[in-house]
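Enquirer: If you want the building blocks of each chain, they are given just below.
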Amino acid sequence: MSDKVLQKNDLDRLLDRLRSEYQMYAPARQGPSVVWKKADQAKELLWEFSNTDMSPKSFFFPQTECLMHFKNDTRDSQGMVMQEEQALEQKQALLGIRPCDAKAFVVLDRVFCRDETSCDPYWQDKREKTLLIGLACKDPCPTCFCTAVHCGPHNREGLDMLMIDLGEQVLLKGITPKGEEILSDFPEADKEQTEQAREQKEQAERSIASSPAMDNIESRKVLELYESGMWDRMPETCINCGICTFYCPVCHCFDIQDENQGDYGQRIRNWDTCMSWLFTQHTSGHNPRGTKKDRVRQRFMHKFKYMPIKLAGALGCVGCGRCTQKCPVNIDVREVINQMNQEAAVE
Amino acid sequence: MKEMAEQIRTRARELLSQGRVDCVIGYRKGSVPMQEQPFIAYTPEEADQLTWSVFCTSNLANFLIKRPGKKAVVAQGCISRSIVGLIKENQVNREDVYILGVHSPGMVDAGKVRDRFPDRVLHQVYLEGEDLVVKGRDFTERVPHKEVKRNNCYTCTHRNAVIYDEFIGEKGQETGGGNIDKVAAPWDRLEPGQRWEKFTSNFKDCIRCYACRNVCPLCYCDVCFVDEHNPQWCGKGQEETDIYTFHILRAFHCAGRCTDCGACESACPVGIKMRALTSKLEFDVRQNYDYSPGLDMESIPPLSNYKKDDPEIN
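Chains as they are written, first to last, in my numbering: chain A, 88 to 434; chain B, 123 to 436.
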């Protein structure tokens, strides 16, 4: 389908079309932060922002999510009752999601829904009911490196449609059949506008200053990389907090807890973090990742070595730079990648 | 500031090459604006990476704990007070630490700087004279350093290291100018309901990353109470009660020990003001026990001690 275009002040035509079917969400300013909020009017949409503070992964994978309620009342004739949670009632649309965050969903689909026998119904339900409308990046941050990790400022993977901000107008690219259908009768973009969008893409890609190379990481054996000397020094000043994992759009580890009061309770799952010693603590007292070095190494090996092996090349990183921006002790993922890659080159 | 950094490097090189210490714990230039990186130099060559600036917001005393060998550490007032506390609490041996005392210029609150440029991405920030020079892709602006310091730096009572083996550079003005007692004062003007409102709204954005705890040199417990599971004192989810339990209990564990270094607030990714609680606890400790933590090696921390005439506090 050819590209479509709408005047920015006419963009409610798109939102009107979505409103009846979807609960819409979009990035919004809240004090110094940019957060995801319910949106209703096109005038509420933000155009000048780098990205939301937190990634949108919580739409499908909330920090705390109830998996079921249970009752274990022995006096009750029903005995033990486990009650499933309600599925998401209304479809939702995320307007203005950045391409890197959408790409993260594609990676996570492969983790949560690898095949029919291991499909996570909680992720799948919300994911299938959500329309993703991307907003291409005009001005990538100094910490962005999406182009180095199979992504880019106009990357389309995972999106139903992509918006490109041309100033007065918005260029709309339909990507999935669903996205194309919504846009089908909007006015077509002229050659000049399409050209402007293409130039903007190239300009945005050029302005990404960091491009850590990863070619050697791929060819290096797992154990060689695992035993590399870099892991002795690099984690020294890590404080093992959970910021990098919680802000990461791809990190997806969780912990399941039963919270009960008397005979009633709920089973919840919470974001967990491999930075915590508790993450791998065994009941026996043994901890296979007992040191800070073990834990920091795990995070980066998982993203750049184990995941590509298990998921046919998919990386556990989309280059959004949140971990680097937020780390209180300035552990910079690009520097870690460089070290992982460099040492491979030397040997 | 550049001279200070050079002097730190020079002394670090000497201490390492003379074998007087095994490592020097300091900061090196960070890779993102307004963020220096805690760094441990083991060789004279590595010491060349050390720096000193208005962006040194971590508490380096944290890296002394459980680290074997003899360590030199760069310490301004609050950090040196943390070291005193750790020595008194038997976490650090005085003989194993060589303190390079410094004067704090007042560290920058990166959030305050970013708040001034809400729609713009900052590429570089550095101190020039009395101002921070803030650069983006197509702009350069100046922000007075004195307007964007961390809140704890305005009410600092000891900007010079209180304990040191040698002092680097000149001693400077001792206080930040503000009145530390006033930080806690708002609590006393509030009714219980209003206090609860202030308390809960202060912590409502917490994501439980525990950066505040992990960056704090007071939090050295092998197992924090929130990580215990038998009994489990605190739920693990985003339930408000569990978030509030964590923060209020952590604050109480810091009473009479917090040196107001501000590392917790600098580390917090969502901008929570932990000092709202710790300032009140430290105020009460000053009022009731006439004690401020980390100022000398002799006095006994009041909450480590019991006296028959300890005041009853309501």
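Keep in mind that the hints were calculated from the coordinates and are not lab data.
Here a beta-carbon is modelled for each residue, glycine too, at the ideal position from N, C-alpha and C.
Hints may be right or wrong, so weigh each one.
Said to hold, decoys possible - Derived DSS-like pairs: lysine-lysine, alpha-carbon spacing no greater than 25 Å straight-line:
#1 B:K257 <-> A:K379
#2 B:K234 <-> B:K395
#3 B:K395 <-> A:K380
#4 B:K192 <-> A:K380
#5 B:K234 <-> B:K210
Stated by the list, open to error - Using C-beta positions, here's what the derived DEER-type ranges look like:
#6 A:E176 <-> B:L312: 50 to 58 Å
#7 B:Q171 <-> A:H373: 35 to 43 Å
#8 A:Q150 <-> B:K188: 55 to 63 Å
#9 B:Y342 <-> A:G316: 24 to 32 Å
#10 B:S323 <-> A:D381: 18 to 26 Å
Enquirer: Could you run down the list of hints and mark each one as holding or not?
Expert: These are the hints, each one checked on the structure:
{"no.": "1", "hint": "B:K257 <-> A:K379", "verdict": "violated, 36 Å"}
{"no.": "2", "hint": "B:K234 <-> B:K395", "verdict": "holds, 13 Å"}
{"no.": "3", "hint": "B:K395 <-> A:K380", "verdict": "violated, 30 Å"}
{"no.": "4", "hint": "B:K192 <-> A:K380", "verdict": "holds, 21 Å"}
{"no.": "5", "hint": "B:K234 <-> B:K210", "verdict": "violated, 35 Å"}
{"no.": "6", "hint": "A:E176 <-> B:L312: 50 to 58 Å", "verdict": "violated, 40 Å"}
{"no.": "7", "hint": "B:Q171 <-> A:H373: 35 to 43 Å", "verdict": "holds, 37 Å"}
{"no.": "8", "hint": "A:Q150 <-> B:K188: 55 to 63 Å", "verdict": "violated, 31 Å"}
{"no.": "9", "hint": "B:Y342 <-> A:G316: 24 to 32 Å", "verdict": "holds, 28 Å"}
{"no.": "10", "hint": "B:S323 <-> A:D381: 18 to 26 Å", "verdict": "violated, 38 Å"}
The structure is inconsistent with the numbered hints 1, 3, 5, 6, 8 and 10, although it conforms to all the rest.
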